[in-house]
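Visitor: Chain by chain, the residues:
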Amino acid sequence: KAGVTQTPRYLIKTRGQQVTLSCSPISGHRSVSWYQQTPGQGLQFLFEYFSETQRNKGNFPGRFSGRQFSNSRSEMNVSTLELGDSALYLCASSLTTGIKVYGYTFGSGTRLTVV
Amino acid sequence: DQQVKQNSPSLSVQEGRISILNCDYTNSMFDYFLWYKKYPAEGPTFLISISSIKDKNEDGRFTVFLNKSAKHLSLHIVPSQPGDSAVYFCAASARTGANNLFFGTGTRLTVIP
Numbered sequence: 120k121a122g123v124t125q126t127p128r129y130l131i132k133t134r135g136q137q138v139t140l141s142c143s144p145i146s147g148h149r150s151v152s153w154y155q156q157t158p159g160q161g162l163q164f165l166f167e168y169f170s171e172t173q174r175n176k177g178n179f180p181g182r183f184s185g186r187q188f189s190n191s192r193s194e195m196n197v198s199t200l201e202l203g204d205s206a207l208y209l210c211a212s213s214l215t216t217g218i219k220v221y222g223y224t225f226g227s228g229t230r231l232t233v234v
Numbered sequence: 479d480q481q482v483k484q485n486s487p488s489l490s491v492q493e494g495r496i497s498i499l500n501c502d503y504t505n506s507m508f509d510y511f512l513w514y515k516k517y518p519a520e521g522p523t524f525l526i527s528i529s530s531i532k533d534k535n536e537d538g539r540f541t542v543f544l545n546k547s548a549k550h551l552s553l554h555i556v557p558s559q560p561g562d563s564a565v566y567f568c569a570a571s572a573r574t575g576a577n578n579l580f581f582g583t584g585t586r587l588t589v590i591p
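Quick mapping for you: the protein sequence lines, in order, are chains A and B. Per the working numbering, the first sequence runs over residues 120 to 234. Per the working numbering, the second sequence runs over residues 479 to 591.
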C-alpha cells in the first residue's frame, strides 16, 4: 500500500510569507502528527490530529497551525515565516492515536528553506 | 529543554564489529522507548522499541537495552553492516498525557567496509 505522502518535497519562501504543507496518510490511518527537524534540535513535535480534531500540540508559536480533513489528509500552515523556520517538516501517520500500540509511519518530509 | 539526549553526534565502526549507540533521558514519566533510523532524503523508519517493564529487547542484529535507574538506553548492532550507515534517533513517550514522541538529536553511524 502507498506510504505517507508529503508535498511538496522542497520549498523556498521569503521571510514574512506564509506556507502550506500537505500530508496524505496511509490509507485507513486516521491520526496524523507533524514534526520539525532541525540540525541542533532533532525532531520536535508540532501537533497531532485525529478525526479532524487537534488532540495535542507541541511548544511552537501560534504562527504554526494545522488542520485535518474528513479523508484524514492534513495540512500545516506557517504564517509570517522567519529564517529559523527553515527545517525538514515530517508528517507521521498512525492507524489511530496511541503511539505505544500503533506506532508511526513517517513521510519523506518537506524541506522548507526561508530566505 | 532536551528531555532525550544523544551526546554522540557521530560514530564510525568497522564492518562486522559492534555498534553501540547511546541515549539518555531526563523525564521519569517516559515508559516507552523507540529507535528510528533515517537515511538522507527519507523519513525516519522504526527500528526497535522497548517498554519500561523490560530491560532488553532483541530483534535480529538489533538489541536495545534499558537501564531505568540510570535513565539510559542503548542500541547494539551486531554485526554492523555498511547498509546500517544512517542517522539513528532515540525517542521516548510518556506514561500519561499526550501520545507524541520526544526525540534525541540523532547519531550518525558510519560503517566502514
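What the hints contain is simulated information worked out from the structure, not anything from laboratory work. Take these hints with a grain of salt, some might be off.
Okay, the calculated beta carbon distance ranges per label pair [as the list claims (entries may be wrong)]:
{"id": "1", "chain 1": "B", "residue 1": "Asn485", "chain 2": "A", "residue 2": "Ser146", "range": "36 to 44 Å"}
{"id": "2", "chain 1": "A", "residue 1": "Thr157", "chain 2": "B", "residue 2": "Ser486", "range": "15 to 23 Å"}
{"id": "3", "chain 1": "A", "residue 1": "Thr172", "chain 2": "B", "residue 2": "Thr523", "range": "22 to 30 Å"}
{"id": "4", "chain 1": "B", "residue 1": "Ser488", "chain 2": "A", "residue 2": "Asn175", "range": "26 to 34 Å"}
{"id": "5", "chain 1": "A", "residue 1": "Thr139", "chain 2": "B", "residue 2": "Gln480", "range": "36 to 44 Å"}
{"id": "6", "chain 1": "A", "residue 1": "Leu130", "chain 2": "B", "residue 2": "Ser552", "range": "19 to 27 Å"}
{"id": "7", "chain 1": "B", "residue 1": "Arg495", "chain 2": "A", "residue 2": "Glu171", "range": "45 to 53 Å"}
{"id": "8", "chain 1": "B", "residue 1": "Arg495", "chain 2": "A", "residue 2": "Arg182", "range": "18 to 26 Å"}
{"id": "9", "chain 1": "A", "residue 1": "Gln160", "chain 2": "B", "residue 2": "Ser552", "range": "18 to 26 Å"}
{"id": "10", "chain 1": "A", "residue 1": "Leu214", "chain 2": "B", "residue 2": "Arg573", "range": "18 to 26 Å"}
{"id": "11", "chain 1": "A", "residue 1": "Gly181", "chain 2": "B", "residue 2": "Lys534", "range": "37 to 45 Å"}
{"id": "12", "chain 1": "B", "residue 1": "Tyr517", "chain 2": "A", "residue 2": "Thr215", "range": "21 to 29 Å"}
{"id": "13", "chain 1": "B", "residue 1": "Gly561", "chain 2": "A", "residue 2": "Thr157", "range": "23 to 31 Å"}
{"id": "14", "chain 1": "B", "residue 1": "Glu520", "chain 2": "A", "residue 2": "Thr232", "range": "13 to 21 Å"}
Beta carbons are placed, not taken as given, at the ideal position from N, Cα and C, and that holds for glycine.
Visitor: At the C-beta level, are B/Ser488 and A/Asn175 separated by a distance inside 26 to 34 Å?
Guide: Given range 26 to 34 Å: holds, Cβ gap about 32 Å.
Visitor: If you check the beta carbons of A/Leu214 and B/Arg573, does the distance land in 18 to 26 Å?
Guide: With Cβ atoms ~21 Å apart, the hint holds.
Visitor: Is the gap between the beta carbons of B/Arg495 and A/Glu171 within 45 to 53 Å?
Guide: Holds - the Cβ-Cβ distance for B/Arg495 and A/Glu171, about 49 Å, lies within 45 to 53 Å.
Visitor: Go ahead and decide if the range 18 to 26 Å is satisfied by the Cβ distance of B/Arg495 to A/Arg182.
Guide: violated, 46 Å
Visitor: Can you let me know if the beta-carbon spacing of B/Glu520 and A/Thr232 is within 13 to 21 Å?
Guide: Between B/Glu520 and A/Thr232, where Cβ atoms are some 19 Å apart, the hint holds.
Visitor: Could you check the hint for me, namely that B/Asn485 and A/Ser146 are 36 to 44 Å apart, CB to CB?
Guide: With a Cβ separation near 39 Å, B/Asn485 and A/Ser146 satisfy 36 to 44 Å, so the hint holds.
Visitor: Per the hint of 22 to 30 Å, is the separation of the Cβ atoms of A/Thr172 and B/Thr523 within bounds?
Guide: holds, 28 Å
Visitor: Holds or violated: 18 to 26 Å for the Cβ distance of A/Gln160 and B/Ser552?
Guide: Once the Cβ atoms are compared, 22 Å apart, the range 18 to 26 Å for B/Ser552 and A/Gln160 holds.
Visitor: Does the Cβ pair A/Leu130, B/Ser552 satisfy 19 to 27 Å?
Guide: Given a distance of about 37 Å, which is not inside 19 to 27 Å, the answer is violated.
Visitor: Please test the hint of 23 to 31 Å on the beta carbon pair from B/Gly561 and A/Thr157.
Guide: holds, 26 Å
Visitor: Confirm or reject the claim that A/Thr157 and B/Ser486 have a C-beta distance inside 15 to 23 Å.
Guide: holds, 18 Å
Visitor: Can you tell me whether the CB distance of A/Thr139 to B/Gln480 sits inside 36 to 44 Å?
Guide: violated, 29 Å
This entry does not satisfy hints 5, 6 and 8, going by the numbered hints stated previously.
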